[in-house]
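Chain A is already provided as a structure; the job is to place chain B on it using the hints.
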Amino acid sequence: MREEILRIENVTRKIEGITYLDNINFHVFKGEIMGLIPLNNHGKRQLIELISQNLSINFGRIYFNEELVNYYEHSNMTNNKVYSIDKETKLVEDLKVTDNINVLNHTFHDYIIREKKLKTKTDELLKQLEIKIETYEYVSELSLFQKTVIELIKAVISGAQLIIFNELSSFLSIEELSNFQKLILYYTKRGISFLYMANHHEEAFKICDRVCLLENGGIIKVIDKKDFSDEILKPYIISFDNSTELNELSENSGIFEFRNFITENLKGISFSVKRSECITILDINNKGIQDIVEIFSGLNQPISGDILLDHHTIDPINANNLLINKVVFIPENPVNKTLFYDMSYLENLTFLIDRKLNKSIINRKILRNIKEEYRSFVGDNVDVRNLRGMDATSLYELVYFKIHIFSPKVVFIMQPFSDADMYLRGRIIELINKLKKKGIAVIILAVNISDTLTVSDRLLVMENGKLLRNYDKKDLAL
Amino acid sequence: MENKKIPSKLRRLFSKRGMGQVVTVTIGLLVLIIVFGILNPNFFSNRNISNLLRQIAPIILIGIGQSYVLITGNIDLSIGSVVGMSCMISATLMTKGMNPWLAVGVTYISALAIGLLNGQLISKAKLPAFIATLGTMTIARGIAQIVNNNYNTDSIGPGAEGFRNFFYYGKTFGLYNTIWIALALWMVFNFLLSRTRTGRHIYAVGSNIHAAHLSGVSISSTITKAYLVSSVCSATVGLVMTAISGMGTMDAGTTYELYAVAASVIGGVSTLGGQGILLGTIIGASIWGVLQNGLQFAGAPVAIRNIVIGIIVIISVLLDIVVRANKNKAKKVKVKA
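Protein chains in written order, with the numbering used here: chain A, 13 to 490; chain B, 2 to 338.
With the rest of the complex left out, here is chain B:
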């Protein structure tokens, strides 16, 4: 009876898997924003909000990639290295005089090659995702180092101003382009995940690989697609890095894979696969960004920020476990009522 009082669209929205945790972490995010706002009124300044959003955008991007992979029941440890590799490849090509947009194309192709390799190693060669992506993490970092003979690149030069504005410094409708890029990719990948057959296959593979196989789902292609999405997201962040500094740095993106896991997990993506929505990844990334920014404002050293984020990740996973356990109990009552 109670259910009938709630409009069906709203009911459907809240019945989505992982929506419960999204609501919980959204409340947490709001509390954090209010607390940091009270501690330092400058937190709400236009400039800070704008910078904060721009800071969060790369984390949303890598979070999207990691969420795709986590939902298939795997993990991508190569994200940070692909960010570094993309940064170095794009910057090196630009310093060698290549058209920046052509360099962007080459960068995406290189990143996709790593994604393809990850997908094939895991789905075809049956390597554990942890090991396969640990390997490609080292390979991608190695490429980042070798591409310019173990040196960071020089400035990508004034010829790449358009590129830099597109990926970082430019604004559209008052918002930095980085934020628009993150939102655009989020919309595309969210649609792909929630409204298409590929999306259902990704959930199916993470939830029950055997059942998915018997239902005609191509396990290899589905897992590979998830890793390709991850590499596209990482490459985009690599390009943002190049745009930020105007040069290629070999250690760009170091530990980003962990930030990606944090954003996904805080946002309710299950590390066990099969569950999670990309709306949660935005909230997860926002919590990460607000904590970094707010604690910085509050004068907390980097070490404290890391400890706090670590604790939040652990709490999120615990929350996931508790919510699953409660859901199972509720399910029993419902099924047997």
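So that you can see chain A by itself, here it is in the shape it has in the complex:
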């Protein structure tokens, strides 16, 4: 009989009256990669917390390593040998790779640090894994991929028996993900188990031994590898419909252009986008896109090249200058980065309106009109006094409607579907289409295709900072 690492039996977990986990049942075998596709994010975070730590539960039992560690009558709050890896690194950036792997570890007992010994040990380990990372390097000097690799190694060295991955594809490029998956397979052969959380079944099917679907805090289906197919998932997933009949693209309708743009990592890229058009720039190996993000966040300057809007050069010195030129940047996971939680919904919605109208005091009548106009889109949310307690979909709507009302000429969106569950992704697609319908050019920056093709009219593939291929909508449909 196969050894089980984790068994969750009929577990229900409520926090302040809200049921986050609802009669959950599943198990993970030793050396198995169990996939988990959250159809919505309700309960996902609580499940990760509960697997990592034996928090109180309202019903059910949890076995870890075939030992009862948590049941409804008694939760001892101890930690299980679980490590969770997501975009937010748990490494200490100001310490070296060797320190992070060895010293910041429950299993390290030496008081005096012998750097050479640790380096030799770590170098050997990385050699075994065929990974090239300088072990004396500070973690802050590493790429996100390298950090993720180091976290995985650290997790294994610290004795984790189950490692949870949360949305790897939202921060690793296609190439990086493929390399990382090889490491995962290497460790499964050594008896480590994985819970692989992914929003896209295509990604999970590629690597997992079994996959379960999580919806509203309950496991609604467990699928074995032999049954992996799009067909089996059809009843559970929404296929996003792309409204192809949007505004006609016209050469005369204005243009936004990057011309021979060179930064440290962009090797002379040129592309253009028309009004109402949406393009996706897919950075296969995650080596150039960050420079575009930094240019539009005012953190970087191009070495040479021009940005043209309606045939006039604009200087992306800072966010304010871009706003003046009606270019807006929506960062990845924009809710926390662009909204003001203590302001009302309407104040957030109209935050950029003074720039649009070029007035410092906005007439109440205008605000009232906006309120009524957007009530048809967002309902009574428009009356909310502060944003705390609002659900993710409403907050995303606010992010996009704030842009919609400002009506810029171009919007850059970094990884719009990152961390979004299936329902939210559907809503984001509708919101991007609304921007397009208003005549706004949309440029999606992504390291993974995700659902971007559903809204994109063109796909530009970037590799090593160069634009290699350009696919039109008709090619994408094939």
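No wet-lab data here; the hints were simulated from the structure. Predicted model, so just to flag it, every value in this text is computed and none were measured. Even glycine gets a Cβ: it sits at the ideal position worked out from N, Cα and C. Keep in mind that a hint or two might mislead.
Claimed, not checked - Here are the simulated distance ranges between beta carbons:
# : chain 1 : residue 1 : chain 2 : residue 2 : range
1 : A       : L197      : B       : G217      : 20 to 30 Å
2 : B       : G143      : A       : G391      : 27 to 37 Å
3 : A       : E269      : B       : S222      : 56 to 66 Å
4 : B       : I28       : A       : N272      : 53 to 63 Å
5 : A       : G310      : B       : I28       : 26 to 36 Å
6 : A       : K129      : B       : K97       : 31 to 41 Å
7 : A       : H121      : B       : N166      : 27 to 37 Å
8 : A       : E28       : B       : N151      : 34 to 44 Å
Said to hold, decoys possible - A few chain B residues that face chain A, going by a derived Cβ cut-off under 8 Å, partial list only:
#  : residue
9  : A126
10 : K127
11 : P129
12 : R196
13 : T197
14 : R198
15 : Y204
16 : A205
17 : S208
18 : N209
19 : A212
20 : L215
21 : S216
22 : V218
23 : G275
24 : Q276
Coordinates of chain B only, in the frame set by chain A:
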């Protein structure tokens, strides 16, 4: 390829966090020394150099304490008051006839109590470091005042000659003992910070407290240890003060916490936590000392000296920010190359 030409030990030394700023401020220090030497040739006299080093030693000590605390991402505003408290406790006990070395022991215990209180208030009670140490700053100053009924003490007497020689007036191998004490403590605390698990934990807590916690680092104990180091350093300076004047003065150490911040920051310790090395603190303290001494030689009034040091502190912090920004840019190129 270029890297391979540099010997690996040297490369490792220069790859240390904060070494860049240490090199920069060392060059600045050398320039200052040369300028003051040209302005007044007496600056290089044996006597002046010896006095200058003795003047710098207490600043190095409090700088070490403040650096530990700053690296954990906190601040210690109680340093000056602990100096005053230690000075008054040791002097009062000695004037009451206690054996000077026993008085030294009691002084260290009292200072450690303040360090422990700081650490617990910040790590356990979650008080902001600024507020907690502002409170203990007042408490320690209050103790300094109350310990001898609001009076400075009388002379600690001839029985404490050994104590005074040990901490200030005596010389070993031609150098004043104060300098040796500072160097000895620097070596101990530098080893602790750079070569031990505790040191790594101190950097980890200052760099990313959440990650440190998840890696099994005890946040409370690490922060408390940093404040204990700070209080040991402050107590030592308090004892030096007692040795200098041969009596306890209630306002000893006033504004020393600011000198400590200046020495640390000039030496490249980041006010944001997680970065800095104690070699920088020595250089930072030296810049402070050379400026004080050199400007005094040049006839500049105290006000001008303060203004100059203030400007240098601001420039150092700006330098830290610029270096971090450039490093981030360089990092991107390196990572993506």
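Check: If you check each hint against the structure, which ones fail?
Finding: Hints 2, 4, 6, 7, 8, 9, 10 and 11 are the ones this structure does not satisfy, whereas the remaining hints hold.
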